[in-house]
Amino acid sequence: MSGVAITGLGALTGLGDTASALFAGLLAGQSAARCLPALSGTPLDVGPLVAASLPGEDNRDGQALLSDRPRATSFLRHAASEALEQAGLASSRARASLRVGVCVATTLGEKAPWLAALASLHKDPSSEIPPVDFGCALPAQRLATALSASRVRVISTACCSSNSALGLSLQWLRNDLCDVVLCGGVDVLQPFVVSGFRLLRAQSPDICRPFDLRRSGVNLGEAAACVVLESERLARARGQQILARLVGAGLSQDAHHMTAPDPQGRGALLAMQRALSDANVAAEAIDFVSSHGTGTPFNDQMEARAIKLLFGDRSRHVPVNSIKGSVGHTLGAAGVLEAVMATHVLRRQQIPATTGLEQPDPSFELDLVMGAPRAYAVRYVLSTTSGFGGENAAVVLASGDEGGVLSR
Amino acid sequence: MKLRGYARLRVSSSDSLIEALPESSVMELRAPIVRMDRLCGLSVAVVANLFAQFPALLGEVPPDEVAVVLGSMMGCHKTDEEYYRSFLNGQPSPRLFASTLPSSPNGELSILYRLRGPGLTVTMGPTSGLCALAESAMFLRMQQAAACLVVAVEVSHPVLSSVPLVDSAVALWLTREASGSSLASLTATDESFHAGSAVSALTDLLARSPASAVVVCDETSAHIGAAALNNRHIRSISTPAGAVSGLWALGDALNGPEAAFVLAGVDDSGLAVSAFLTR
Chain C
2 MSGVAITGLG
12 ALTGLGDTAS
22 ALFAGLLAGQ
32 SAARCLPALS
42 GTPLDVGPLV
52 AASLPGEDNR
62 DGQALLSDRP
72 RATSFLRHAA
82 SEALEQAGLA
92 SSRARASLRV
102 GVCVATTLGE
112 KAPWLAALAS
122 LHKDPSSEIP
132 PVDFGCALPA
142 QRLATALSAS
152 RVRVISTACC
162 SSNSALGLSL
172 QWLRNDLCDV
182 VLCGGVDVLQ
192 PFVVSGFRLL
202 RAQSPDICRP
212 FDLRRSGVNL
222 GEAAACVVLE
232 SERLARARGQ
242 QILARLVGAG
252 LSQDAHHMTA
262 PDPQGRGALL
272 AMQRALSDAN
282 VAAEAIDFVS
292 SHGTGTPFND
302 QMEARAIKLL
312 FGDRSRHVPV
322 NSIKGSVGHT
332 LGAAGVLEAV
342 MATHVLRRQQ
352 IPATTGLEQP
362 DPSFELDLVM
372 GAPRAYAVRY
382 VLSTTSGFGG
392 ENAAVVLASG
402 DEGGVLSR
Chain G
76 MKLRGYARLR
86 VSSSDSLIEA
96 LPESSVMELR
106 APIVRMDRLC
116 GLSVAVVANL
126 FAQFPALLGE
136 VPPDEVAVVL
146 GSMMGCHKTD
156 EEYYRSFLNG
166 QPSPRLFAST
176 LPSSPNGELS
186 ILYRLRGPGL
196 TVTMGPTSGL
206 CALAESAMFL
216 RMQQAAACLV
226 VAVEVSHPVL
236 SSVPLVDSAV
246 ALWLTREASG
256 SSLASLTATD
266 ESFHAGSAVS
276 ALTDLLARSP
286 ASAVVVCDET
296 SAHIGAAALN
306 NRHIRSISTP
316 AGAVSGLWAL
326 GDALNGPEAA
336 FVLAGVDDSG
346 LAVSAFLTR
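Protein chains in written order, with our numbering: chain C, 2 to 409; chain G, 76 to 354.
Because the hints were derived from the structure by calculation, they are not lab data.
Misleading hints may appear alongside valid ones.
[Claimed, not checked] Each pair of labels, with its calculated beta carbon distance range: (1) PRO44(C) with ALA297(G): 42 to 48 Å; (2) SER87(G) with ARG317(C): 42 to 48 Å; (3) SER92(C) with GLY331(G): 43 to 49 Å; (4) ARG237(C) with ASN330(G): 39 to 45 Å; (5) ARG189(G) with PRO44(C): 37 to 43 Å; (6) ALA97(C) with SER287(G): 42 to 48 Å; (7) SER287(G) with ARG70(C): 31 to 37 Å; (8) SER41(C) with GLN218(G): 52 to 58 Å; (9) SER287(G) with ASN281(C): 51 to 57 Å; (10) PRO44(C) with ALA335(G): 53 to 59 Å; (11) GLU103(G) with ARG237(C): 55 to 61 Å; (12) ARG189(G) with GLY240(C): 46 to 52 Å.
[As the list claims (entries may be wrong)] Here are the simulated SDA-like pairs of lysine to any residue, each with C-alpha atoms no more than 20 Å apart in a straight line: (13) LYS124(C) with PRO167(G); (14) LYS77(G) with GLU333(G); (15) LYS124(C) with GLN166(G); (16) LYS124(C) with MET217(G); (17) LYS309(C) with SER275(G); (18) LYS124(C) with LYS77(G); (19) LYS77(G) with SER254(G); (20) LYS124(C) with GLU156(G); (21) LYS77(G) with MET217(G); (22) LYS124(C) with SER254(G); (23) LYS309(C) with ALA334(G); (24) LYS124(C) with GLU333(G).
Computed from a predicted structure; not experimentally measured.
From the three backbone atoms N, C-alpha and C, an ideal C-beta is built for every residue, glycine too.
Extracted from the complex, chain C is given alone in its bound form (with noise of 0.2 Å):
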């Protein structure tokens, strides 16, 4: 099958307003992560969590995630206007000939208005609460509109809701059922999903460890990721720079457990199976595994043992790594900014290291990159990602020269 070019990359993350700045701090192994002041004595002290600001706001207390402002729809549309622009789409005008797809990844939606007025309800039960909107396909719709697209799609299937958004969009390319696809995934922190998170204990009250020996969980965060995707063909023609490609895309279920991983990998490996196959590409020829590793116990055992599964002997050799303990878990818009760092890390030749891992689980036998980034040769790049109800879906990205390809 054959591959779409990336050529705009923007990102929302604890770590900055731009891709630029996730990229630079996932090098530097900087943490988001930190117990916020605002939660501080409420039912939302759960431990470290990574909030982001968007511009002009400074969230560093948290302060925002009690707010009932539209924050997922404004994150988006800035993750948006950075990948735009870098493709060289922010005009109308560019846009004007091309039928430009919006696909959006996301668990949550826009749900903080609904929550203040339920929360208004819940003291006033007489209260009379005016229409709000509110729902899983509001950021969508409102940037489909702004970016007068011919096409677009809400997706919501858990973790993995971002990587099955990256697939669905490189089909409707290969099915020339738009030029361009802006796919992005986004996610706010809010009270309704820190308190659920932290019911489940899936939150750490500690900070995020993946892959470690002493790893208790997750440190939620907010983000918002978006890649332009569009045919290499009409990449050169517009003399944009391609810089990856996205080449293959595959999708599971466990149907094993609705809140615990199938233990022994298998719904993971299939996914990853599917998307090399999709992509054409060897296991071989994988260079670099950018995992879900969200520090949680079950997660991370299951995880290290599809991929011992999916290479074999080769498993020990093949670099690993995981952003979460640096920006979170983000939920929806985990697989596209996983997409984003991917990316760079097929331009720079560089892998940043798992931030908050220090002593690797040894049943793993993973080449786990920590401590500093790794200069390395990287042509192929495995992004893999599940979430509760067993679902699961990978994506191969490979780098946006034509070189070699090692095929099946």
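Assemble chain G onto chain C, guided by the hints.
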């Protein structure tokens, strides 16, 4: 693509879903349904009815090659609301939180029937069911699945929703090839997005649709009043609201007089989606 099986279900929000199960499934599904939230329970109940009516389907394709594709407009908002109220009351419920994802039914269905193909959940407006059908057709066309279990589901409205819904669901089974009898052939899907203008989106879509007969739900019919129709015969069908509307209308069309028809739906955001079927 072949439509091999179809089932639909509408129940009152106070009805027990056990009553909605086919007799052959009650023993097996009673306990799982009791522990599920309404969205998952309804999805499982309609799929149990599908497999009761078309028992051969599950055995025809390896479960690793069956995709589960869900469409829902409101998704798990009812469960979200119940969970958040429990949080505001100081007694948050872990059981409820575990179901606060629109894709929860995908997980429950894959576990119950051991399905390991792709899983995808679409959460748009009332077109979500037709979008799920379109994505399923894509999975089949791109050979990423051999069969798709397509489910559209809506649970009656939470307090703050402005859209009155009833508990309703549709399930259908789509395959790449017909290994047995089929209800209809799905030849193509199409869509058009005209931001904020449902009428423009419909006009655009119907102008390029291949059949003269167009089957819609009542909500879409209201938009068609102003759309350019080019002498097309419109059949409007009363359906439950939300994502189930388009696929619910399909059930009536399968028993209707048209040998070939376009199933069309639209939402207020300006997204129109269609599917072309022949019986």
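Hint check results:
no.	hint	result
1	PRO44(C) with ALA297(G): 42 to 48 Å	45 Å, holds
2	SER87(G) with ARG317(C): 42 to 48 Å	59 Å, violated
3	SER92(C) with GLY331(G): 43 to 49 Å	48 Å, holds
4	ARG237(C) with ASN330(G): 39 to 45 Å	52 Å, violated
5	ARG189(G) with PRO44(C): 37 to 43 Å	39 Å, holds
6	ALA97(C) with SER287(G): 42 to 48 Å	34 Å, violated
7	SER287(G) with ARG70(C): 31 to 37 Å	49 Å, violated
8	SER41(C) with GLN218(G): 52 to 58 Å	53 Å, holds
9	SER287(G) with ASN281(C): 51 to 57 Å	42 Å, violated
10	PRO44(C) with ALA335(G): 53 to 59 Å	58 Å, holds
11	GLU103(G) with ARG237(C): 55 to 61 Å	56 Å, holds
12	ARG189(G) with GLY240(C): 46 to 52 Å	50 Å, holds
13	LYS124(C) with PRO167(G)	17 Å, holds
14	LYS77(G) with GLU333(G)	17 Å, holds
15	LYS124(C) with GLN166(G)	16 Å, holds
16	LYS124(C) with MET217(G)	52 Å, violated
17	LYS309(C) with SER275(G)	52 Å, violated
18	LYS124(C) with LYS77(G)	53 Å, violated
19	LYS77(G) with SER254(G)	9 Å, holds
20	LYS124(C) with GLU156(G)	15 Å, holds
21	LYS77(G) with MET217(G)	15 Å, holds
22	LYS124(C) with SER254(G)	59 Å, violated
23	LYS309(C) with ALA334(G)	53 Å, violated
24	LYS124(C) with GLU333(G)	55 Å, violated
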